[in-house]
Amino acid sequence: ADLTIGFSQIGSESGWRAAETTVTKQEAEKRGIDLKFADAQQKQENQIKAIRSFIAQGVDAILVAPVVATGWDEVLEEAKDADIPVVLLDRTVDADKSLYLTAVTSDLVHEGRVAGEWLVSEMGDQDCRIVELQGTTGSSPAIDRKKGFEEGIAGHDNLQIVRSQTGDFTRAQGKVVMESFLKAEGGENICALYAHNDDMAVGAIQAIKEAGLKPGEDIKIVAIDAVPDAHKAIAEGEMNATIELTPNMAGPALDALEAYLASGTEPEKWIQTESKLFTSEDDNQAIYDMKKDLGY
Amino acid sequence: MGPKPSTLKRVMPQLLILAAALALNVLVFPEFFHIDFRNGRLFGNVVDVLNRGAPVALLCIGMTLVIATRGIDLSVGAVMAIAGAVAASVVVDGHGWVTALLAALAAGGVCGLWNGFLVAVLRIQPIVATLVLMVAGRGIAQLVTEGKILTFSDPGLIHLGAGVVAGIPTPILIWVTLGLLVAWAVRKTALGMLIEAIGINERSSRLAGINSRVLLICVYTVSGLCAALAGVIVAADIKGADANNAGLWLELDAILAVVIGGNSLLGGRFSILASLIGALIIQSVNSVILLSGMPPEFNLVIKAVLILCILVIQSPRIGNLIYILRASGPQPQPDRPPLPKKEAAR
Amino acid sequence: MKDTLTPDDRPVLRARGVSKFFPGTIALDDVDLALRPGEVHALLGENGAGKSTLIKCLTGAYRRDAGLIELDGQEVEPQSTADSQKLGIGTVYQEVNLLPNLTVAENLFLGRQPMRAGFVARRRMNREARDVLAGYGLDVDPGEPLTAYSVAIQQVIAIARAVEMSGKVLILDEPTASLDRDEVQLLFGVIRQLTARGLAVVFITHFLDQVFDISDRATVLRNGRVVGTVNMSEVSQRDVITMMLGRQLEARVQRHEVGPAGKGLVAIEGLAKRGMIEPFSLNIREGEVVGLAGLLGSGRTETCNLIFGAVQADQGRILLREKEISVSRPRDAIAHRFALCPEDRKVDGIVGDLSVRDNIILALQARQGWMRPIPRAKVNEIAESYVRALDIRLASLDMPIRLLSGGNQQKALLARWLATNPDFLILDEPTRGIDVGAHAEIIALIEQLRADGMALLVASSEMEELVAYSTRVVVLRDRQQVSELTGDAITPENIVRAIADEGEAA
Amino acid sequence: MIRSTHLPLLVTLATLVLAYALCAAAYPAMLSTRVMSNLLTDNAFLGIAAVGMTFVILSGGIDLSIGSVIAFTGVFLAVVLRETSMHPLLAFVLVLCITTGFGAAMGATIHYLEMPPFIVTLAGMFLARGAAYVLSTESVPITHEFYDTLQGLYWKAPGGGRFRLIGGIMVLTFIVGIVVAHRTRFGQNVYALGGGEQAARLMGVPQAMTTVGIYATSGCLAGLSGIVFSLYTSAGYSLATVGVELDAIAAVVIGGTLLTGGYGFVGGTFFGILIMGLIQTYIVFDGTLSSWWTKIVIGGLLFAFILLQKGLTWATQAKATRARRRTATGSAALS
Ligand SMILES: Nc1ncnc2c1ncn2[C@@H]1O[C@H](COP(=O)(O)OP(=O)(O)OP(=O)(O)O)[C@@H](O)[C@H]1O
Ligand SMILES: Nc1ncnc2c1ncn2[C@@H]1O[C@H](COP(=O)(O)OP(=O)(O)OP(=O)(O)O)[C@@H](O)[C@H]1O
Ligand SMILES: [Mg+2]
Ligand SMILES: [Mg+2]
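Residue numbers (my numbering), protein chains in the order written: chain W, 1 to 296; chain A, 297 to 642; chain E, 643 to 1148; chain R, 1149 to 1483.
Note that these hints are calculated values from the structure, not bench results.
Backbone N, C-alpha and C define an ideal beta-carbon position, used for all residues, glycine too.
There may be inaccurate statements among the hints.
Here are the simulated lysine to aspartate or glutamate pairs, EDC-like style, with alpha carbons at most 16 Å apart [to be verified]:
#, chain 1, residue 1, chain 2, residue 2
1, W, 232, W, 283
2, W, 232, W, 281
3, W, 146, A, 593
4, E, 915, E, 956
5, W, 232, W, 293
6, R, 1304, W, 77
7, E, 988, A, 498
8, W, 147, R, 1286
9, W, 80, W, 60
10, W, 292, A, 442
11, E, 988, R, 1345
12, W, 25, A, 442
13, R, 1304, W, 81
14, W, 25, W, 293
15, W, 146, R, 1286
16, W, 269, W, 81
17, W, 30, W, 255
18, E, 965, E, 911
19, E, 915, E, 1120
20, W, 97, W, 274
Quick partial rundown of chain E residues pointing at chain A, CB under 8 Å, derived from the structure [stated by the list, open to error]:
#, residue
21, 840
22, 976
23, 989
24, 990
25, 994
26, 1007
27, 1058
Construct all of the structure, not just a fragment, from the sequences and the given hints.
The structure is reproduced here in structure tokens:
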């Protein structure tokens, strides 16, 4: 019979998230799986409710993209009691590993580190004052990407983060905060921008242009996610690098699940997706054209 | 025409607080008032405060009127998202920016009409009535954009959010013009008084022949239109409609601005001018936070403390103690020196 | 006449040198008041003289600016009404001050509910409430919400509450404004019982007959000052009026001969609403005053509201100058130059926070539409002329109307409707809470309006008043039109008989 | 005897039963004990906070701070339990004191400074969440055996439903709330304030004490809700429960309480909570709605419930008033 799988998604707070949803639905369709989709509107309690409802309905497996790492033990235990395998997408949780089948995620700290290392290699020995646009205060990508970046530039005293403020992962805030950076520091004194996601970087690019500076040249820009608009910006020379966070977490997850349900093959506990660095050396226009219909 | 002395007196406390907030900005960033002319536009922190204050300022024009009728409009943030999405999808479909603007305004107007219908005809309490659209509206906006950030490159539309006219960012011109226009219109006609009357005692007002139903619907529609304009500006500013984040929680800022403007949430007497200054006060507070360079975890605490200070200063009780505020405080209490005999006062 | 208190009378409650200032007004200026145990002490004065303010200062509802209050010779300092209740002072403030969302029993017992094991004993509360109210001749269900009952019944409930609260002093601020004779007599019975127990009662009213009926002494205020305190047995009504007004008032209102009425204006045919008012028909001509008489709850207010469209009729029609018009809401009525000055001024009348000026202009402006604002100068002219004509006492036209004294609010409302220059004016209890001087002026005004050719429908509980100005009196009983009196048949006795006598129904 | 005043309560109950029947007709699994126990467990924290909100709204006020206070409580507990060796029970008491004090402070500000509750509690909302950020931006897991014990307390019903401790706490809170609202002087004073502040003052209601008490209650219950939430998730997270105040307000209003104050029932809020939970469960069972359709449908259902309630109230009230008028006139006739 067909598989019924419940998918508890965080919400649709960013283009990347929307793309993940689209890809997941496509992957499920490709495999003939009946996907029950539940949007949690960015709330953990809604995700827990959704998982409980999935259990009550008796689905065959559950995919969940946890909004936060903590707080899942109880509900995962209930799923385990009901013999429903759970696969985590895109983030892991602080729970006993036996409670879920596997986690398909990237390494957020690693992404930050890649960004940091890129900047180190780009700058060489030059002095560089960096401004940072953080994600939503308290969210795990914001925390980990900050941490990773700091690790990446550690030991290079010529690189220095001079201002760091939250841009809430949005374009609008990215632009507003960048404007204040440009004024508070003086545009000439900023050599690079590190943004926790591409949306903020895209907003910041506009602020830089309005201040009469050239993004990508006067101020180097590196961000994370590799959404289509970032590729476009790189193609146009307004941005320098982005690290890909693939929206296709569901593909590997469903592969593992199908294998498990069919033959009981236990997958590895962590399936890490690649964090690929894209710079102006890649054919960004082509990638843009390919990605732009994914629902970003 | 300059403002009448009575108007000046009404907004004096707000002006003083604004001055204090700006002074605080100078304290954390001495070059706050420095303005350049760069890249064809005025460039400086003060310009930013005016420019970034635009969405809240626009929202609070409509919100002031709604609150004057003893209502509240929680849906404005969602309406912004809808309007932005509509404008973006219209230009992406290849129409001109005027069409896009009109379509967005129409969408906002329809949202306002819907709120007004629920409040005035179905008699649903405003906070719940607008909660419906607050919840559903963002979904509608995402339906329009299909969940993505719908980017566009129509120069006309972008001009509304990021352009300049004679060096001044367009949003500033838009909100200042609209604010003055609406403030002038409600005071030049009898609208202002009629709105206040239904806010204070709707029953009496109806018995006195005021068409409260139509007036309520109008007021919510105006609020919807203002929100739509704000939504277009926000979308144009980032050249894309971000249905999920555009205007998120801005309704609270708009309400706050109205209250900082000294308007009562219980309806009645209102001043749009004071609300606009309130919006600027909020933006100045935001500016302090950004310029101070404190880590973002402290943002909310700083904002809360500053807002509390502002509100405490404005509280009617405190107002009685401070002479300058008492001159226009909402409800002065007695203890003035005895006046000449009552007959003389008559 | 300055102080009638002999040294050996130890006053229960004594106020010395109480003063209260409002911006632009000296509401009380060095006022003294002494209450003997077991007396009924009337507090008299024109509208805005400061009576209600004095009460509020005595009971802690307002903070006074100067003066002392002594209870049983001890200085007391009530900070709130709760304090004064604890001290044994029960008060009925002007306008019914009860809570519409609570039940009758809850209103009656708020703050001193009977408790059992730490919880409110509801059943006992309801039982006791029923007993208490039975003592006032009311057979009401104490578990029903207060709003299920008419203003009059609410007034009685407020009185009952205050009486239950008062260990030493009972203060009644215009308690009889919405009561009719029998209820007033009932209330007086209760007051007499209380004074026999040694309570002191303060009684405020504009009905001088009642004052002479029940009071032992009276203190007269004028413009916030004590004019004097008198023993009722030693003075005449005329003396008291002169003290209140500071001038003589001509003879009391009398029936005036009325000239022939003009053309028919409004014809009402079988207007009714189920469960509210039975079908009634009425013709009113220009230059005619039709009085509406009836007991409490007889349906006078409902009749007025129905004609004005404030309540939707479900049958019948209204003709204006022989043409049928549709009046489904007040706006329509106003467009046809109707006007209704409502009974409940606090809820249906004033727009509290708006200035007196705006309140006066409101109906006129609403009729003109928002597009055509009345010019500022014109507004001032209209407002000022009515303030002068009706002698409305205020500090400035800009003050919010809720700060006016009760009677002055009533006058301002009258001004609102007169400003619309109506053809047909409906007045529901136009003289409620209005002082003797103004009372006479309003009656004169009604006659003047009639002489000018206006058609009026006036609902009132005051027989003398109805007799004075009505060309016809329609009597309602049980929400039904029962009879009509015309010409010489209009006398207080006849009206009372028509109201009471079941057999005589027309 | 059923009084007309209880009508809104009955209407809400009828709405709930009707809605449940419709859902069950579409998905029979909705009748399982699992779903019922989930309704209680998953909405426990919201329900507890909504009890406090009911009191606030009954008094004519509003409390926007509860979502932030819940988050603050969770973070505070997590940090305290991580950093110190304090027993959780003691930490519970401590945090309840803090949130109650916080509520009382807001109440005092509202009363003594005569500021509108909407704004005071809005500032409170920023402050509480800001304080949570300052304590920790990261989500902090709680690992204490006492928590495990508490989480292990449940009754497993036939059919797999687990009725957990926190659901029980919510039900208990509602019962206490109902008794306090209808059977104590404090409760009566709350209704009195909501009915009309000025009249209530003139009738001798201790306004200052009541106002402070109301917001203190709300703060206390938000704290309790935070404890329950921390039991629910075994963690404290400063970004948790954003917007819960709006859910609570919606539940209170769907439960038949008027936002203008004075009219309503704590019991109604319970039904309101269940109705909201039902909406969400239904959406998950359906499982075909996209992110945006989810929002639209939630909004639409919210509207449908409000409308249904209005309709039922109108239909029944017209009859009730007619009946009431008749009795009123009868008694107005003089003795
Ligand atoms: N809160 C207030 N602020 C300003 N003025 C006030 C206030 N309350 C009362 N006044 C003024 O004080 C004066 C006395 O009012 P008060 O209500 O005591 O009159 P009163 O004797 O009770 O009249 P009435 O017979 O009409 O009820 C009036 O001129 C009134 O306008
Ligand atoms: N809102 C209401 N709810 C229930 N009954 C009402 C309401 N208003 C009026 N009634 C009842 O309708 C009847 C008619 O009241 P109405 O006010 O028309 O009488 P009235 O003759 O004007 O008496 P009053 O002297 O009190 O003004 C009364 O018995 C009253 O109790
Ligand atoms: Mg008075
Ligand atoms: Mg009447």
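So, going through the hints one by one against the coordinates:
Between residue 232/W and residue 283/W the CA atoms are separated by roughly 10 Å; this keeps the pair inside 16 Å, and the hint holds. With a C-alpha separation of about 13 Å, the suggested pair residue 232/W and residue 281/W falls inside the 16 Å cut-off, and the hint holds. Between residue 146/W and residue 593/A the alpha-carbon distance is near 14 Å, which keeps this suggested pair within the 16 Å criterion. A threshold of 16 Å between alpha carbons decides the hint, and for residue 915/E with residue 956/E the separation of about 5 Å falls inside it, so the pair holds.
A threshold of 16 Å between alpha carbons decides the hint, and for residue 232/W with residue 293/W the separation of about 14 Å falls inside it, so the pair holds. Proximity of residue 1304/R to residue 77/W is assessed by CA-CA distance (about 14 Å); at most 16 Å being required, the pair is judged to hold. The straight-line distance between the Cα atoms of residue 988/E and residue 498/A is roughly 12 Å, inside the 16 Å bound, and the hint therefore holds. At most 16 Å may separate the alpha-carbon atoms for a hinted pair to count; residue 147/W and residue 1286/R meet this at roughly 12 Å.
Of the pairs offered as hints, the one joining residue 80/W and residue 60/W holds, with about 12 Å between alpha carbons and a cut-off of 16 Å not exceeded. Restraint check: the Cα-Cα separation between residue 292/W and residue 442/A comes to about 13 Å, which is no more than 16 Å; the hinted pair holds. Between residue 988/E and residue 1345/R, the direct Cα distance comes to roughly 15 Å. Compliance with the 16 Å bound is thereby established for this hinted pair. Annotation: proposed proximity of residue 25/W to residue 442/A holds, straight-line Cα distance about 14 Å (limit 16 Å).
At roughly 12 Å between alpha-carbon atoms, residue 1304/R and residue 81/W fall within 16 Å of each other, so this suggested pair holds. Between residue 25/W and residue 293/W the CA atoms are separated by roughly 14 Å; this keeps the pair inside 16 Å, and the hint holds. For the proposed pair residue 146/W and residue 1286/R, the alpha carbon gap of about 12 Å is at most 16 Å, so the pair holds. Pair hint residue 269/W plus residue 81/W does not hold up; C-alpha atoms about 19 Å apart against a cutoff of 16 Å.
The suggested pairing of residue 30/W with residue 255/W holds, with an alpha-carbon distance near 12 Å, which does not exceed 16 Å. Among the hinted pairs, residue 965/E with residue 911/E is consistent with the structure: their alpha-carbon atoms are about 12 Å apart, no more than 16 Å. For the proposed pair residue 915/E and residue 1120/E, the alpha carbon gap of about 14 Å is at most 16 Å, so the pair holds. Note on residue 97/W and residue 274/W: the hinted pairing is violated, with a Cα-Cα distance of about 22 Å set against a maximum of 16 Å.
For the restraint placing residue 840/E at the interface with chain A, the shortest Cβ-Cβ distance is roughly 36 Å, beyond the 8 Å limit, so the hint is violated. The beta carbon of residue 976/E comes within 4 Å of a beta carbon in chain A, closer than 8 Å, and the hint placing it at the interface holds. Hint status for residue 989/E: holds, given a least beta-carbon distance of 6 Å to chain A, under 8 Å. A least Cβ separation of about 6 Å between residue 990/E and chain A falls short of the 8 Å threshold, and the interface hint therefore holds.
Interface hint status for residue 994/E: upheld, as the beta-carbon distance to the closest one in chain A is roughly 6 Å, under 8 Å. Among the interface hints, the one on residue 1007/E holds; its C-beta lies about 5 Å from the nearest C-beta in chain A, closer than the 8 Å criterion. With a cut of 8 Å, the hint placing residue 1058/E at the interface with chain A holds, because the nearest CB-to-CB distance is about 7 Å.
Comparing the model with each numbered hint stated earlier shows that hints 16, 20, 21 do not hold.
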